[in-house]
Each structure stands twice: as structure tokens, then as C-alpha cells.
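Asker: The primary structure of each chain is shown beneath.
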Amino acid sequence: MKDILVRIGGDGGEGIISSGDLLTMALARSNYEVFTFRTFPAEIKGGPAMFQVRFGDQTILSQGHQADILVTLNEEAFRLHHAALKPDGLLVYEPAHYKPEGSFEAYAVPLDEIASHGVKSAITKNMVALGVVARVLDLSFETLEQLIRERFGKKGDAVVAKNLEALKAGSEFVAQHPVKKQLPVFAPLESSHKHVVMSGNEALTVGAISAGCRYFGGYPITPASDILELMERELPKFGGAVVQTEDEIAAIASVIGASFAGKKAMTATSGPGLALMVEELGLATMAEIPCVVVDAQRGGPSTGLPTKMEQGDLNLAVYGAHGDAPRIVLAPGDVEECLYYMIQAFNLAEKYQTPVIFLTDQSLAHRTQTYVWPDFSRVPVINRLLPSEAELKEYDRYKITPDGISPMAIPGMKGGCYAATGLEHTEEGFPSFVPKTHTIMSAKRAQKIEEVSREKGFTARFGEKQAKIGVIGWGSTQGAIREAVEMAIQQGLSVAQLQLKMVYPLPEADLLEFLQSVEQVLIAELNYMGQLNQLFQSKFLIPTQTLTKCEGLPFFAEEILAKLKEMSGSAKAAAQGERLATHNR
Amino acid sequence: MKPTWCPGCGDFAVLNALYQALAALDLDPKNVVVVSGIGCSGRLPIFVNSYGFHGVHGRVLPTAMGVKIGNPKLTVIAVGGDGDGLAIGGGHFPHAARRNIDITYIMLDNNIYGLTKGQASPTTLQSFQGKSSPYGVAEENLNPIALALAYDVSFVARGYAGQIKHLTDLMIEGINHKGFSFIHALSPCVVFNDTYPYYGKKVTPIAPYENPSNKMRALELWQDKHHIFLGTFYKDETRQTFNERIRDIIGQFPRDDEKYFKELLNRYA
Chain A
0 MKDILVRIGG
10 DGGEGIISSG
20 DLLTMALARS
30 NYEVFTFRTF
40 PAEIKGGPAM
50 FQVRFGDQTI
60 LSQGHQADIL
70 VTLNEEAFRL
80 HHAALKPDGL
90 LVYEPAHYKP
100 EGSFEAYAVP
110 LDEIASHGVK
120 SAITKNMVAL
130 GVVARVLDLS
140 FETLEQLIRE
150 RFGKKGDAVV
160 AKNLEALKAG
170 SEFVAQHPVK
180 KQLPVFAPLE
190 SSHKHVVMSG
200 NEALTVGAIS
210 AGCRYFGGYP
220 ITPASDILEL
230 MERELPKFGG
240 AVVQTEDEIA
250 AIASVIGASF
260 AGKKAMTATS
270 GPGLALMVEE
280 LGLATMAEIP
290 CVVVDAQRGG
300 PSTGLPTKME
310 QGDLNLAVYG
320 AHGDAPRIVL
330 APGDVEECLY
340 YMIQAFNLAE
350 KYQTPVIFLT
360 DQSLAHRTQT
370 YVWPDFSRVP
380 VINRLLPSEA
390 ELKEYDRYKI
400 TPDGISPMAI
410 PGMKGGCYAA
420 TGLEHTEEGF
430 PSFVPKTHTI
440 MSAKRAQKIE
450 EVSREKGFTA
460 RFGEKQAKIG
470 VIGWGSTQGA
480 IREAVEMAIQ
490 QGLSVAQLQL
500 KMVYPLPEAD
510 LLEFLQSVEQ
520 VLIAELNYMG
530 QLNQLFQSKF
540 LIPTQTLTKC
550 EGLPFFAEEI
560 LAKLKEMSGS
570 AKAAAQGERL
580 ATHNR
Chain B
0 MKPTWCPGCG
10 DFAVLNALYQ
20 ALAALDLDPK
30 NVVVVSGIGC
40 SGRLPIFVNS
50 YGFHGVHGRV
60 LPTAMGVKIG
70 NPKLTVIAVG
80 GDGDGLAIGG
90 GHFPHAARRN
100 IDITYIMLDN
110 NIYGLTKGQA
120 SPTTLQSFQG
130 KSSPYGVAEE
140 NLNPIALALA
150 YDVSFVARGY
160 AGQIKHLTDL
170 MIEGINHKGF
180 SFIHALSPCV
190 VFNDTYPYYG
200 KKVTPIAPYE
210 NPSNKMRALE
220 LWQDKHHIFL
230 GTFYKDETRQ
240 TFNERIRDII
250 GQFPRDDEKY
260 FKELLNRYA
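Chains A and B, in that order, give the protein sequences. According to numbering that gives the first Met the number 0, the first sequence holds residues 0 to 584 in order. According to numbering that gives the first Met the number 0, the second sequence holds residues 0 to 268 in order.
In case anyone wonders, no lab produced these hints; they're calculated from the structure. We treat Cβ as the ideally placed atom computed from N, Cα and C, and that holds for glycine. Mixed in with the good hints, there may be bad ones.
[Stated by the list, open to error] Which residues of chain B face chain A? A partial, calculated answer using Cβ under 8 Å:
#, residue
1, His53
2, Gln128
3, Ile249
Based on the provided sequences and hints, a complete structural model is requested.
Answerer: Right under this line is the structure:
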């Protein structure tokens, strides 16, 4: 079956997100795969908002490009979104507001009248629209009704009744006025696996708790705030503590303090907050204290595009420090990976006693995706290396070892007393400004990161084994790139993809193997300067092409496909003796 | 490790008082964490035979909070200077106070930036002429006791490096206090701003008949122009501590991780 994309546009506060969430949940419960995408204004109320959900019976890799169904609650929404509707798509609109023109099927539904006069509740307009969509696609009505009861039950029976009435009214309207367009039917599917549907922020929070995180300190910032809110609600149930601190510096300082005291601890922020944290991250590297920092990237620099996405913080995450302060930077590719790689983030932090930065972005933080009910045994939890009784007899906190990892004593341990310090220090932990000490200790800290680069499981490869073009991407671009690669292969192009789930240190062996299997390299990322390309160049010094996008929006698979086609064309030209065009931006 | 402070530094006396307080309280060093920022006072944890944390400038209070929440059984003592606590880290002081986090915060106030060699600090008197203030200090000096009282710190006291026994007693009282205790420790810098003669003339013990639960009286005492009072200005033992609040929240949920994971995931199914 083909997948379908439904987009709903209107004003913030019109209930677009609410109806979109219900549609998403209903599909997920009917065992369809979903991938949602939303944009919302930076203001609290008003301003245009949009929710779209793409779904089908196969894994959905990206948010999709062109809508099959567009629901507009007002004329402005039509103006903003009609270009995203397929030429033969279905437009649901309110005829009292405007008369749309286009090749699509314009399906007039008097949403306002049905809500205001039929249901006698103007605010149920969104539910009327949901009823229309549900009937057009033949979704399970029982599932939707059940979801409405669950969602609005707390607000009382009257609210539930009004919403159900609005849903039915929308559905009945369609029964009386059938649409012409032929659309697939989404009756519930049988599935042997139980599914969940959650956002990136939600998945990584679940992952953190399952990894053993028992302290969270954080300061609200879009698009990371839901992590703080969810932690506030959930962590106490697992015996953990959450503090909404006075600023981001206090957040990371408290995380480092809690970790020093023996707890697994994390914070979550976005670029401006990470910028404030870098001094403390240097301390965590120097004093060798595990900690996990989520950076849900948004458009920058400065306040930038607070509610939009960008992969613009790679340089800050990797290099944001004074001195040599190496740390680990992970970049999950989708919602499911947010959960499993968050467990990895804690594992690496604990194992190597160093900060781990977990790079998501607004699109991944807020998008929802379905995935199979988590199996926590897939990534066993690792705890930090503690000193043995014998080691505590003559304890050196920063003992030089073959892999650079020294046993870490926890306050309360007899014999382990030491002072963690951001000053350069000896193996015993005493401040030391002896020249050689700084060399030896810098090497110790760097060596741990060297070891990390040999960790397995931080790349994913798709496409052909030997290919003309190899695309390298990182983080949330994974699905769109993979979709483009699949389309390209179908169209006869020779393409392979390597997705990095760890951007620092670079997984060297996997990258080298990949580079040997492709002729041209494309690095695709969502920032203007090509930050991964720069990092890559500093290591491999080979010609690359870049595809960058800096619009506050994710990649569309079609954009990547176009670039692959262009490169394919130039590869043919190269075969004819012309020079291969490369550009490094 | 031997202290690296200049001979005559007030910090020796504060360290000495802390040794004596910890000994008198008979605390096991393995259960004590001394946390600091940077500056002259920042080195103090390294000279104490307990667990220590020497962090970055100004962040001693949130770091100490993390340690205390990380393991509530630990005795956590935060030490920092006047610059550390009132300039760069000034924003953390009110929040440690309103959380009433159960730590003891000793501010070693030498009225100068010592380790950067003599620039004015937030508590330096306006009359001070130094390298960064050749014509005197442009700003008025902050009064840490006034701030602590305004922030409603639940234990506010002042001691003096010139009176080690008294300072020791205050530390014992502060560490025993349930909640956030603030001890303003006057600790002169003999190299850049020797305030021993000034304090010598001005320090006066708070009279034994004063009632430390009287906030209005405490506010009068700090405003006295003729004296620099030493002793306990204010003490409120009725307030809940941050750790108690956390304990109460966690206590609502009997331990059953498996059940809570299932409930959590079911929200998304």
C-alpha cells in the first residue's frame, strides 16, 4: 500500500495539534506506521500552526513532501499550504471563508456552521474536521471514540460528549456528501508486535530513565522543555530527583555534582543553553565526571529560529571548550534511536567518565513516530568502574591505565577521599603545574576518546555495497536521506548511505570502509556552513560535495534525490574526460 | 597537601576552624564533601582530608546542591570567596536560599580579588585604591549578611578569622542547622587589602540576649554603622529542606520500576 499524507493548517489555538495527535494515535493503535511533523509559531497564541501526519503499512522514513489531503481551517492556512497539496489531492475547506482555485478536488465542509449550530460548540471545529478525515479514510471509529474518552475524560462527561458529537457530525457530513477522490482505506491491521508512538523528546526521556538516570537538572528552553516537564512527572516514580534550576549553568553544575556523588545525571537544553554550559563541560572532561547533555538544536545563532530546526550546533558540541576538552557527541537518527542511543549515551558517559552530548533537533524532538514496544535488554546498562577494596587501600583517583580509564571512588567510600578539580592534577588528584603532568594527563583524556572511536554500532549503512555515490549524513536526516537513496536506486542510480550516530569522535573504521566502497562523497546536513563536512575534512582530506539547507526545515527526500541525480550526471561527464566538479562550501 | 596561601592569609584561620568543627562534630571524612569554586578560597577542599570538589568560578552552590541531592546522607560544605559568591555566582545565592538546600555555605570574604592580584571585589569598600580602582571603587560595596537576610536564608551568621574559636562554634552551629546555612567569614588578605586593623576595631559580638529568630532585629544589626557584628543574626529551624521535599515527592511512589515503566509506555500505546 502507498502511504498517505494528511496536513491540517490553521491558527495556533484552534486545536490543530489536538486533532492531529488523535489521528496519529488512532492510526498507531490500528497498527499503521506514522511519522508526524508540525510547525508552530514562536508566540504563545495566534499565528499559523500546522500539523501533518504521514502514514502507511511500511516504515515511514521522513515527513514527506506533498499532501494527499489538506484540511484548512481558514483562508490564511490555504494560502500557506496549498502549494504542498498534490495537484490531484483533496482539499477540505470552509466555504464561508473563501473559494479556493486549483486542480485539486475542493471539498467544502461548513466546519463553522456544523460546530456552532449543529454541535453548539464553536471550539469543536477541529473535531468536525477530524471526523471528516476519519470517514474519508475509513478509520476505526471505535478507536477514535476511545481516544477521545481517554483524552477528555478528565474534563468531564459534557466535554467528551461534545467532542464525540463533533466527530460524528463531521463523519455524517461525508456520508451525505461523498468525496470523488479514491483514497486507501485504513481499517485496523493485525500485528504481532505491540507498538508505541512517541516524540523524540519522549523517547529519549524513557531511554534515560531506563539507563538509570536518577538526577535531572534543567532550565526551560524550546525545543527541549518537554524533557524537563516529563522528567518532573516521571523521575520521582523511579526514586529520582528533578530540579528546575535558575539557569543552564546551574543545571549542568548540579548534574556534575550529582554525578560526582554517584548518581547517573543529565540535563537537556538547546543551543543557547549549551553555549552557557561549555565551561562546566570542560570541568567534567578535566575532573573525569560522567554526565549527559541533550542539545535539541534549533535555528541559530543567538535566539535565531527558536521553534524551527537546524543542525547548527555540531561545532559547539564538538569544539565548544577552552583547552583540549574532548567529549563524546552522539546523534540519533529517529525516534526509536532516541531511546536506544540515550542508553548508549549513559553507557559511554559512565564507561569513559566523560561528558556525552546528545544532539537531536526540533524536528526530531517534536516529531512522533511509531516503533515496536521497547526491549530494554537490547542495550545492556553499563555502570562506572569503581575501585576495589585493594585499590582503595592506596587510592589514586586519576591513575594512569592502559585505556585511560581509572576507577572512580564515590563519596561515602572508605579510603577513596580525593578532591575532584578542574586544575591540572597528578594521578593522586593533587593540583600540579609540572609541565610533564599536563602532557601525560591530556594524553590520558584524549586516549579515552580514541578508545571511543573504536566502539561499534554507531553507524548505519544503507543502499548498495559498492556505489558511485556515497551519502554521509548525521542525526535526524537519516530517514530523508534513506528515502532519497531508495528512490535513487529504483531509478537506476548507484548510491549508498552512511549515517553517523556518533559525530565525535568519528567512527573511523566504518567511515574508511565506506569511503573505499564509493567513488564520490556527498555530505548532506542542515546548516549553512557544512559543519560535518568541515569535521570530516579535518580527518580525511578527500574531495566531497555538500548538500546543505538552512531554512529551519528538515530535508525533503526529493531535494536529496535531485542532488544525487545532479552528481550522477556529473559523474558521467567525468567519465567523458571532464573534470569532476566538487565544491566545498 | 599543604595549603598554598600567603603567610598571614585569613583563609588559614577559616580552614583551621573548619578542621576543628569537623573534629568536634566527629564526622567521618568519607561522608563529608567540601565544594568550592575558584580563587584563593577555591583551593580549600584540596587541603581537607575528606571528599572534595574544586569546580569553576561562581558555581559552588549549584554544584553543592547536586552533590547533596545525589546523596542526601553526605555532609556538604560549600566554600567560596566574595567574588565567587556575589559577582560571577551572585545569581545562585537566592535560589539556594529559596530551596533551603541543606548545605553549609561559608563565604571567605577578603574584600578583594586575591588570586588575580588585587582588583576590587563586590565587597571592597569604596575608599579602596588599587590596581583596578586607582581613584577608588565606583560602586558601593555589597553586604553579604544583608543579602542573606533579604533572600530569607534560614541560618545567617558572621565570624572572623581573627577569632578562630568563635568561628569554629558558628560552623558547628551552621553544619548542625537543618537547611541552608550561610556563614560570612571575614578573612583578610594581608597582601592586597589588609583589613585586619579595620576589622580589629569594628568587630563586636552580638549580645547574648539577642533573639536569632527575630528577623527585624537582625536587619537592624547589619545596618549598624558603628559595628560589624559577629555571631548568629538569624535562624529559622521550622522550614522544610529541599531534600525533605524531594523525599516527600518520591515517597508518594512505592518502589516498583517495572510497573511505572509499563504505565509510562502505555501512555504512548
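Asker: Please go over all the hints and tell whether each is borne out by the structure.
Answerer: Evaluated hints:
| no. | hint | in the structure |
| --- | --- | --- |
| 1 | His53 | holds, 4 Å |
| 2 | Gln128 | violated, 32 Å |
| 3 | Ile249 | holds, 5 Å |
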